[in-house]
Amino acid sequence: MSDTDAPRRPGRPAHPIGRQRLLGIALEAFARDGFGATSLNTVAQISGLRRASLYHHFPTKEAMYHEVLNEVVSGLGKLVLAARLRSGGFPERLDRLGDLVTDYLGRHPPAARLLLREMVEGRHYLFGPGQANVRQAFEIIEAFLRAGMRRGAFRRQDPRQLAVSIVGLHLFYFAAADLLRSLPGSANPFAPEQIALRKRTLRAQVRALCLTPGPRPASRRAGAMRPGAKKR
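Quick note, the sequence shown lines up with residues 33 to 264 if you use this note's numbering.
These are calculated hints, taken from the structure and not from any lab test.
Certain hints may be false.
[As the list claims (entries may be wrong)] Simulated pairs of lysine to aspartate or glutamate, EDC-like, Cα-Cα distance not exceeding 16 Å:
1) Lys110 - Glu94
2) Lys231 - Glu103
3) Lys231 - Glu124
4) Lys93 - Asp127
5) Lys231 - Glu171
6) Lys93 - Glu60
7) Lys110 - Asp135
8) Lys110 - Glu153
9) Lys231 - Asp127
[Stated by the list, open to error] Have a look at the derived ranges for each label pair, beta carbon to beta carbon:
10) Arg187 - Arg82: 41 to 47 Å
11) Ser106 - Pro141: 15 to 21 Å
12) Thr244 - Ala84: 56 to 62 Å
13) Arg83 - Asp135: 30 to 36 Å
14) Met151 - Arg213: 34 to 40 Å
15) Gly120 - Gly68: 42 to 48 Å
16) Asp135 - Leu241: 39 to 45 Å
17) Gly120 - Asp190: 23 to 29 Å
Backbone N, C-alpha and C define an ideal beta-carbon position, used for all residues, glycine too.
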């Protein structure tokens, strides 16, 4: 009997697949169909495994779902932490954070959609085992924004409201990728040139939300003469 004809050991998949690859497949399935409509059979078929083989990696569908979201949330949390701790002024760190998050979501197309699905539909992860990770990420963002406000770099406002607005700006574009593709004249939102454009756009939008306005030009200051007005 040749090596290729030798019976495989009981319980071992005929075509082993890495755990990270399985998580990527599961991420796409959960983002596309949601938790309720995604079955282990779906993930098994896409990955080329039998359903029983998935149990070598995940004991239940819920365990798989939790790990998929944990990868996304912890990955984004690390970016938030890294951007906050690096040197530079507050506006530069704000830009850096936006660029890092945009790059991450651009490399993981289903991630933003899955996060929005979970926020709207779920109580599986964000309000369960992932709650601590989500709270930590928001605490880091809010602390950064408050520090910028204290230093006068950011306009004083409610830091949580501001954090939620910034998160929404980053997530919705990528979560709505299918809609964007359907609009006339639209390009692939995940194409490199579109990611670069999104970075520039987000920088301008987030800075407009956060930064303290500079002095207005003299011609627009209060008391400036309107065209045609006569001196007293």
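Going through the hints against the structure:
For the given pair, lysine 110 sits about 24 Å from glutamate 94 by alpha-carbon distance, which is inconsistent with the 16 Å threshold. For the hint linking lysine 231 to glutamate 103, the alpha-carbon distance of about 23 Å lies beyond 16 Å, and the restraint is violated. Pair hint lysine 231 plus glutamate 124 holds up; C-alpha atoms about 13 Å apart against a cutoff of 16 Å. For the given pair, lysine 93 sits about 37 Å from aspartate 127 by alpha-carbon distance, which is inconsistent with the 16 Å threshold.
Proximity of lysine 231 to glutamate 171 is assessed by CA-CA distance (about 24 Å); at most 16 Å being required, the pair is judged violated. At most 16 Å may separate the alpha-carbon atoms for a hinted pair to count; lysine 93 and glutamate 60 meet this at roughly 14 Å. About 13 Å separates the Cα atoms of lysine 110 and aspartate 135, which keeps this hinted pair within 16 Å; it holds. The suggested pairing of lysine 110 with glutamate 153 is violated, with an alpha-carbon distance near 25 Å, which exceeds 16 Å.
Restraint check for lysine 231 and aspartate 127: the C-alpha separation of about 9 Å stays at or below 16 Å, so the hint holds. At about 57 Å, the beta-carbon gap between arginine 187 and arginine 82 misses the expected band of 41 to 47 Å. At roughly 18 Å, the beta-carbon separation of serine 106 and proline 141 lies within the given 15 to 21 Å, and the hint holds. Restraint check, threonine 244 to alanine 84: a C-beta distance of roughly 60 Å satisfies the suggested window 56 to 62 Å.
Remark: the range hint 30 to 36 Å for arginine 83 to aspartate 135 is upheld by a beta-carbon distance near 35 Å. Evaluation of the 34 to 40 Å hint for methionine 151 and arginine 213 yields a failure: the beta carbon distance comes to about 23 Å. The beta-carbon spacing between glycine 120 and glycine 68, approximately 44 Å, falls within the hinted interval of 42 to 48 Å. Separated by about 20 Å at the C-beta atoms, aspartate 135 and leucine 241 break the suggested range of 39 to 45 Å.
With their beta carbons about 25 Å apart, glycine 120 and aspartate 190 fall inside the hinted range of 23 to 29 Å.
The structure is inconsistent with the numbered hints 1, 2, 4, 5, 8, 10, 14 and 16, although it conforms to all the rest.
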